[in-house]
Structure formats: C-alpha cells, structure tokens
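Asks: Here is how the chains run, residue by residue.
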Amino acid sequence: MTTRDLVLAALFAAIIVVLGLLPPIPVGFIPVPIHAQSLGVMLAGVVLGAKRGTVAVLIFLLLAAIGLPVLSGGRGGLGVFMAPPAGYLVGFVFAAFVTGWISERVIKREQSGLGQIASFFVAAVIGGILVDHLIGVLWLAYGPTNLGLANAFLGTLAFVPGDIVKAVVAALAGRAVMVGYPLLPARA
Amino acid sequence: MQIHFEQAGASFEGRVAVEPLTLSLTERRIGIIGLNGSGKTTFARMINGLVKPTQGRVTVDGFDSASDGETVRAKVGFIFQNPQNQIILPILHEDIALGLKNRRLPRHAVDAAVDGILRRFGIERLSGRRVHELSGGELQLAALASVLVTEPEVVILDEPTNQLDLRNRALVEKTVHGLDEMAIVISHDLDLIRDFDRVLLFHEGRLAADDAPSQVIARYRELAA
Amino acid sequence: MNTLYVTGNSLLHRLSARAKLIALAATGIALIVLASPLLLGISTLAALALYASVGIGWRQSWLRLRPVFVTIFVVAIFALLVNSPEEAAVTLLRLTTLVLLAAAVTATTGIGEFVDEITLAARPLERLGLVRASDIGLAVGLVIRFVPEVLGRYQAIRDAHEARGLKARPLTLAVPLIILTLKNADDIAAAIDARGIRGHKPARRSKER
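Chains as they are written, first to last, in the numbering used here: chain A, 2 to 189; chain B, 2 to 226; chain C, 546 to 754.
Hints were generated in silico from the structure; no laboratory data involved.
Being a predicted model, the structure only gives us computed values, none of them experimental.
Here a beta-carbon is modelled for each residue, glycine too, at the ideal position from N, C-alpha and C.
Mixed in with the good hints there might be a few duds.
Stretch-level coverage of chain B by chain C, calculated; a stretch enters the list once three of its residues show a Cβ under 8 Å from a Cβ in chain C [unchecked claim]:
#1 73 to 81
#2 88 to 94
#3 99 to 113
#4 142 to 151
Straight-line Cα separation of at most 30 Å, DSS-like style, residue types lysine-lysine; simulated pairs [as the list claims (entries may be wrong)]:
#5 B:Lys102 with A:Lys52
#6 A:Lys52 with A:Lys109
#7 C:Lys712 with C:Lys728
#8 B:Lys76 with C:Lys728
#9 B:Lys102 with B:Lys76
#10 A:Lys52 with C:Lys712
#11 B:Lys102 with C:Lys712
#12 C:Lys728 with A:Lys52
#13 B:Lys175 with B:Lys76
Just need the whole structure built from these sequences, with the hints factored in.
Replies: Structural data, given as structure tokens:
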C-alpha cells in the first residue's frame with residue numbers, strides 16, 4: 002500500500018466518522034430515519050474501490066473497538082461488537098470490499114452518466130445491502146443473540162427500504178465524485 | 002552541502018513542468034520566485050525526490066534523489082505550502098516525535114529532542130495542544146519544528162508566509178532568517194528574500210533568471226507586468 | 546475526540562490490555578456455550594460487580610450503555626414473542642453480561658495500550674508482507690487528527706448551502722465533503738514521505754501522478 006493509499010483510507014475513515022456525528026435524516030416515505038454512517042461505508046467502496054475502501058472501513062471499526070465513540074449516536078468500545086447488531090457492523094468490511102470490487106469492474110469511463118449511476122447502484126445494493134444484511138442476519142440468528150434464521154430475516158427487512166435510499170445516494174455520489182476527482186482504480 | 006541539477010527536467014502527462022536545467026545550489030539562503038504555475042514547487046520537490054526527474058538527474062551530496070530518495074530526504078527537510086496537511090498526529094508533541102520514530106532512540110532522548118525543538122521556536126507551551134486548535138502562525142512554526150527535529154542539513158520552505166497576518170509573517174520571517182540550516186525558500190513575499198544570497202526566477206517552466214535578489218526581482222516585475 | 550477510557554486504579558486498570566482481551570474472548574465463548582438461566586444470571590451479577598468496580602459513575606454509564614441495551618431489550622422481547630420465555634431470558638442475560646464485560650475493558654484500557662497491542666499482534670502478518678504494523682498506529686492518529694477538520698469542512702459546506710438558499714441534502718453535502726477532504730491526500734502523503742515517517746521503501750508515488 003502506498004502512502005497515498007493509506008492516507009486516502011484514513012481520510013475516508015474520518016469522513017465515515019463525521020457522517021455518524023450527523024443527526025439521522027428523516028426521509029418522507031420510510032418510517033425509520035436514515036443514519037448516514039452506513040451510507041459512508043457504501044461510499045468508501047464506490048469512491049475508493051475494493052482495497053482502499055476496505056482498509057478505510059477497517060480503520061473506522063478499529064477506532065470504535067479501541068474505545069473512540071465514533072459510531073453513530075456516540076457509541077464505541079468493545080461492547081457494540083457483542084451487541085445484537087454487531088454483525089451489520091462487521092459486515093461493513095465485506096460490504097465495502099464487495100461494493101468496491103464490483104465498482105472497479107463494471108464502471109467504465111466511456112459509459113454514459115446514467116449507465117455509471119446504474120452500475121454504482123448495483124454495486125452498492127449487492128455489497129452494501131445484500132452482503133451486509135447477510136452477515137448481520139447470520140450473527141443475529143446464530144451469534145449470542147440466537148434468534149433463529151427466520152426471525153432474524155424478518156427483523157432485517159425493516160431496514161431494507163432505508164438502505165435502498167442510501168444505495169441511490171451512494172450511486173449518485175459515486176458518479177459525481179468520479180467526475181470531480183477520479184480515484185476509482187479502473188479495471189478492464 | 003551541494004545540490005546539483007544535471008540536465009534535470011520534469012513533465013507530467015506530456016506537459017513540461019520544469020524544462021531541463023543544470024545548476025548547483027550551495028548558498029546558505031536561496032530564494033525561488035515566479036508566477037503561479039511557473040514550476041517553482043515542482044523544481045523544489047525535485048530536490049528531495051518527491052518529484053522524480055523525467056530526464057537528467059538531481060543529486061544531493063552525491064546521492065541521487067530519485068534512486069536514493071530516503072537518504073536525500075533525511076538531509077533535505079521540506080515544509081509544505083499548507084502546514085495544515087503536514088502535521089499528521091492529533092497532539093503536537095506526538096507529531097514531532099513521529100519523525101524520530103525510525104531512529105529507534107530511547108524514550109527520554111525523543112522527549113528531550115522534542116522539548117528542545119519546541120523551545121528553539123518558542124512554542125513549548127503548545128506541546129500538549131490539539132493541532133487543529135492552533136492558529137496559522139503557530140501551525141507554521143509547528144510544521145517547521147516537526148521537520149527540523151530530525152536535523153536535516155537543508156530545509157525547503159514552500160511559501161512559508163502565505164496566508165499569515167502581519168505579526169505572524171514577521172515572526173516567520175525572523176525565524177527563517179535565524180535558521181542555522183541552509184534554506185531554500187519559495188515565496189511571493191519579496192521582502193522575505195530581499196537579502197538572500199541568491200534568487201532563482203522561474204517563468205513558464207524555465208529558469209528565467211539566477212542572480213542576486215535585486216536584479217532577479219527587477220526581472221520578475223518586468224515579466225509579471 | 547474524547548475517548549471512552551476512564552482514569553482510575555481498579556483491578557481492571559492494572560491488568561495488561563492483552564490479559565483483558567484474552568479473558569474477554571474466553572468468557573465470550575463460555576457464555577455462548579452456557580444455556581442455563583441460573584448460571585447466566587450469576588454471571589450477569591458478577592459482570593455487573595466488575596463493571597461497577599471500574600468507577601464510571603451512574604450517569605456516564607447510562608449514557609454509554611443505553612443505546613446497546615435498547616437493542617438488547619428489543620431482541621429479548623422479540624425472542625419472548627416468538628420463542629419461549631426461557632430462551633428470551635437466556636438471550637437477555639447473555640448479551641447483558643457480554644456488553645458489561647466489554648464496556649469494562651474499554652473503560653480501563655487506553656487508546657495507546659490498544660494500539661501497541663494491535664501493532665504487536667500484527668507483526669506476524671508483517672512478516673508475511675500483508676501489512677506494515679507501524680501503519681496501524683499512524684492510521685489511527687491520522688483519523689483522530691483529521692476528524693475535526695472534516696467536521697469543520699462539513700459545517701462550511703452546510704453554511705454555504707444556507708448562504709445560497711439551498712436545501713442541505715445528503716448528496717449535495719457528501720460529494721463536496723468527499724472531494725475537498727480527499728484532495729488533501731496528496732499533500733499529506735507527500736509530507737509523510739518527506740519526513741521519512743514510514744521508514745524504508747519510499748512509496749512509488751511519482752509513478753502514479
């Protein structure tokens with residue numbers, strides 16, 4: 002990893018922290034207000050790609066684990082990694098990786114703007130929603146919470162609509178950042 | 002200390018930033034002036050290998066800045082235009098100690114070096130402060146301290162008085178004049194370099210003048226008009 | 546940024562970070578295996594006593610633990626509705642114990658201790674060429690250093706929206722925030738390389754320019 006890659010990942014971790022400090026944003030048609038922090042995880046993937054995006058999220062979670070109150074709502078410490086939603090938190094790492102991995106491979110410079118946004122959206126949905134919820138559900142079902150797969154699956158559904166809104170924002174932002182300051186490593 | 006450019010030039014993506022030039026820098030105080038985008042900063046970054054020449058070579062005391070960058074950077078300290086981005090740890094004394102980490106010094110030696118450098122710039126009271134709370138002038142002095150603590154033989158300062166108020170500008174000017182080290186200063190602040198030993202003028206990527214300050218400043222005024 | 550560390554001289558404060566982390570992991574595994582409400586109840590009381598010994602104070606504890614306990618109660622009620630009361634009690638007690646113990650470790654271990662321990666743990670990975678162990682502490686420091694600046698930038702962008710009569714939306718806030726922040730990466734990386742902070746093998750930056 003070059004020094005620049007390390008710094009980009011650390012700066013993005015700082016952005017994810019700041020997004021968590023913001024009050025949740027209510028969105029008209031969804032009951033649960035949206036926390037910007039998991040948006041930050043999707044953004045790490047679409048903006049920085051797989052490797053640097055994953056490192057950004059790892060640094061962010063490391064800060065939380067060692068006792069800095071960087072998670073939304075000022076949470077932090079090892080306790081949050083034991084709590085019921087811990088799977089979603091650890092899932093962030095894989096979410097950023099998969100989002101970035103797909104982004105690097107499907108987004109092309111010569112694509113139309115709309116095509117790029119659609120590609121980023123697919124990457125954010127698969128990585129940021131499917132992968133993250135999968136790990137979150139597995140932890141709820143078989144971790145210390147031991148809720149059972151069917152119940153855990155039911156619980157996770159409530160958060161999917163909000164996450165889809167985030168995926169849309171991440172896709173639009175991913176494309177806008179790529180136009181303004183391209184960082185995504187291009188792959189054939 | 003001798004810095005030597007040997008037909009060294011740099012271009013990025015087909016655009017020439019610094020045209021190949023040959024010169025030696027040995028004077029204690031050297032100023033670099035020129036319009037924005039004239040190649041000053043690229044030239045300065047070539048000295049310590051942050052920008053590698055795309056042709057020719059740059060040596061510092063015989064060490065090639067491209068292939069032996071680490072040795073060269075230990076001899077040549079660099080203070081960037083925006084001190085904000087140069088200080089990378091949250092507490093000032095932690096940041097200054099960071100530069101010494103690779104030397105594997107015992108703890109008390111590191112602490113002594115940090116205290117010493119802070120005292121040298123009269124900012125020992127800032128030691129435990131959070132970096133993001135420092136003022137512009139304090140940040141500039143802190144950046145200088147973070148670089149000089151590793152005892153480089155030359156320091157390059159990129160527009161050290163940029164964005165400072167009148168009092169801080171005077172403070173930084175005084176500090177620059179008082180440095181024991183050889184100093185190469187990029188500046189739009191012509192007062193700062195007026196009594197330097199030598200001034201280089203860059204214009205459109207070319208070395209347009211290289212002489213005593215008064216002559217070079219006069220030429221600069223012609224070019225800028 | 547304030548940390549969740551609490552100064553003190555309790556037993557937990559005096560134990561090494563490594564001992565606490567190993568003990569926490571071992572207890573975690575034991576608690577997952579344990580399924581008797583009675584034994585779990587006893588361990589919850591023990592965890593509560595340990596947590597109280599740290600000296601965090603009621604108010605501070607309430608602030609810290611409330612969000613996590615809310616999720617635990619939600620899950621316990623859910624378990625009560627769909628599973629048996631016994632299973633709900635097991636879930637509640639097990640999670641409460643784990644969270645109390647983990648919070649006690651967090652409150653008694655400083656950031657520096659954690660970073661040192663993680664750096665040490667990463668040395669074997671360094672030999673495999675996967676990470677540079679010293680980068681971990683550097684990255685942690687960088688984030689703590691730049692969070693206040695990113696926050697300041699966020700506020701400036703929000704003010705700019707207001708000054709121009711624009712509604713602040715996640716998209717129009719996030720995009721300039723990301724671009725303005727990441728644009729500093731080149732400068733910061735150059736400063737790190739110029740100061741020789743990462744030691745050997747200077748980064749291959751110029752190739753990427």
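Asks: Hints first: check each against the structure and report whether it holds.
Replies: Here is how each hint holds up against the structure:
With 5 residues carrying a beta carbon less than 8 Å from a beta carbon of chain C, the segment 73 to 81 of chain B meets the three-residue requirement, and the given coverage holds. Evaluation of the coverage hint for the segment 88 to 94 of chain B: fulfilled, as 4 residues show C-beta separations to chain C shorter than 8 Å, against a requirement of three. Against chain C, the segment 99 to 113 of chain B contributes 4 residues with a C-beta closer than 8 Å to a partner C-beta. That satisfies the three-residue criterion, and the hint holds. Counting residues of the segment 142 to 151 of chain B whose beta carbon lies closer than 8 Å to any beta carbon of chain C gives 3, which meets the minimum of three for the stated coverage.
Our distance criterion of 30 Å between C-alpha atoms is met by B:Lys102 and A:Lys52, whose separation comes to about 27 Å. The hinted pair formed by A:Lys52 and A:Lys109 meets the criterion: a straight-line CA distance of about 18 Å does not exceed 30 Å. For the given pair, C:Lys712 sits about 25 Å from C:Lys728 by alpha-carbon distance, which is consistent with the 30 Å threshold. For the suggested pair B:Lys76 and C:Lys728, the alpha carbons sit about 28 Å apart, so the restraint of at most 30 Å is met.
Among the hinted pairs, B:Lys102 with B:Lys76 is consistent with the structure: their alpha-carbon atoms are about 16 Å apart, no more than 30 Å. Of the pairs offered as hints, the one joining A:Lys52 and C:Lys712 is violated, with about 34 Å between alpha carbons and a cut-off of 30 Å exceeded. As the CA atoms of B:Lys102 and C:Lys712 are separated by approximately 47 Å, the hinted pair breaks the 30 Å bound. Among the hinted pairs, C:Lys728 with A:Lys52 is consistent with the structure: their alpha-carbon atoms are about 19 Å apart, no more than 30 Å.
A distance of roughly 23 Å separates the Cα atoms of B:Lys175 and B:Lys76; the hinted pair therefore holds under the 30 Å criterion.
When each numbered hint is compared with the structure, violations occur for hints 10, 11.
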